[in-house]
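Asker: Here is what each chain is made of, one letter per residue.
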Amino acid sequence: MVAKRIIPCLDVKDGRTVKGVNFIGLQDVGDAVELGRRYAMQGADELVYLDISATIEGRNTFTSLVERISSNINIPFTVGGGISTIDDAARLLDAGADKVSINSAAVNNPSLIDSIASKYGSQFVVLAIDTKRVGNEWLITTHGGRTLTERELFSWAREGEERGAGEILLTSMDHDGTRNGYPCELFRELSRHLSIPIIASGGAGSVDDIAKVFSEGGADAALAASIFHYGEITVMELKRRLHDKGIKVRI
Amino acid sequence: MIAIVDYDTGNLRSVCNALERIGSEYCITSDASVIRASERVLLPGVGAASEAMNNLHERGLCNVIKELRQPVLGICVGMQIMCQYSEEGDTSCLGIFDTYVRKLASCVEMGIKVPHMGWNSIENLKKTIFEGVHEGAFVYFVHSFAPDKCKQTIALSRNGREFSAALAKDNFYGTQFHPEKSGDVGEAILRNFIRL
Chain A
501 MVAKRIIPCL
511 DVKDGRTVKG
521 VNFIGLQDVG
531 DAVELGRRYA
541 MQGADELVYL
551 DISATIEGRN
561 TFTSLVERIS
571 SNINIPFTVG
581 GGISTIDDAA
591 RLLDAGADKV
601 SINSAAVNNP
611 SLIDSIASKY
621 GSQFVVLAID
631 TKRVGNEWLI
641 TTHGGRTLTE
651 RELFSWAREG
661 EERGAGEILL
671 TSMDHDGTRN
681 GYPCELFREL
691 SRHLSIPIIA
701 SGGAGSVDDI
711 AKVFSEGGAD
721 AALAASIFHY
731 GEITVMELKR
741 RLHDKGIKVR
751 I
Chain B
5 MIAIVDYDTG
15 NLRSVCNALE
25 RIGSEYCITS
35 DASVIRASER
45 VLLPGVGAAS
55 EAMNNLHERG
65 LCNVIKELRQ
75 PVLGICVGMQ
85 IMCQYSEEGD
95 TSCLGIFDTY
105 VRKLASCVEM
115 GIKVPHMGWN
125 SIENLKKTIF
135 EGVHEGAFVY
145 FVHSFAPDKC
155 KQTIALSRNG
165 REFSAALAKD
175 NFYGTQFHPE
185 KSGDVGEAIL
195 RNFIRL
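Each protein sequence line maps, in turn, to chains A and B. Just so we're aligned: the first sequence equals residues 501 to 751 in this note's numbering. Just so we're aligned: the second sequence equals residues 5 to 200 in this note's numbering.
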């Protein structure tokens, strides 16, 4: 059986790592390559780097950062943020990224999933989905939660899988940044709809939250940022405690 | 010098980066004479076995690879095409390892997913390239097809069914996992291959 993965997420702006609470109020938490290497040494299974730069200069800085990451880090890493064409994906692949995560651009142009997956393989495509509960439905949002669409979560996730996405990275915008835990029922429901791995994101505040999203939510991986960045718990300590709870992790 | 065989099957960057991290010199080539003259040969591979075999044929490298006498390491699809046959695209392969490559089966109820993607443990390790690597060590896999267990199996793993995580025959080695992405364990395996 594959081990459950722990994936620290690093938001990068102009080459530096930042993490926002509900995407507002960014704080600098350090050099992106150095932080990634520290996580890898502590036992992180993968890393996700999200480029939140809004400018072309920022984008170019990010591409050269990806080259540095790929030279320095010996575990897989995903990059995301602002990927809207197959050329963007190709540029990041050439820079050494193992996977790209696509979000808003895929919602606006679903065939982007097909074109990247058919050219570079499903293992290269992570479909990131931001969702928000509206009444009884989970709907898709884009642009960091600012735009609500009419697309429904489960059908979109299934469509993403059919179009060739290799993994789904799901964030509940209602939970992201709150540190009150993941919506485990939502993850369990999603895992019934899909056969590709699901990465749970947004809301981890404790070891128990992460243990629950694996055992109750059926997630294959957990992505977290703030609990690591501020040194509250190391990746290794988290994995030891998950192991003690009977969860298969790589130690 | 390590020759990384360039036959247009995916990005070679992570393999190159890993070799740089462990301080090995390499070149990327599809030139038969360069491949024959190198001390070590690395056959990477991402994508489909059928395409990989076609690309190797087109470059006239099938027999070149089979006749090599120096240590050769195939990674992922690079190892699969060193087997007899792959179900993927009904592909006849190089026939170095005496085994078949078959699709892994998923089982959602049991949480077994295909592609088999992520960190899994390897067992029944036969030394050589696993010197210093402990039983049950975790390595990184990304694949949907895998070679059956056979007498040349030097490591086993399991995703639903058991399969060969690594193979060895004479000077030929292969790993189904990606040592270049498998952290310190992967780097140890690459170092062992270079020291063979």
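Honestly, the hints are just simulated from the structure, not real lab data. The beta carbon of each residue, even a glycine, is placed where N, CA and C say it ideally should be. Check each hint, because a few of them may be wrong.
Claimed, not checked - To be clear about the criterion: a stretch of chain A counts as covered by chain B if any three or more of its residues have a C-beta under 8 Å from a C-beta of chain B, and this derived list gives those stretches:
1. 502-510
2. 618-628
3. 636-643
Asker: With reference to the structure, classify each hint as holding or not holding.
Answerer: Okay, the hints, checked on the actual structure:
1. With 3 residues having a Cβ less than 8 Å from any Cβ of chain B, the stretch 502-510 of chain A passes the three-residue criterion, so the hint holds.
2. Only residues whose beta carbon comes within less than 8 Å of a beta carbon in chain B count, and the stretch 618-628 of chain A has 4; three or more means the coverage holds.
3. Remark: the stretch 636-643 of chain A is not confirmed as covered by chain B, as 0 of its residues place a Cβ nearer than 8 Å to a Cβ of that chain, below the required three.
Checked against the numbered hints above, the structure violates only hint 3.
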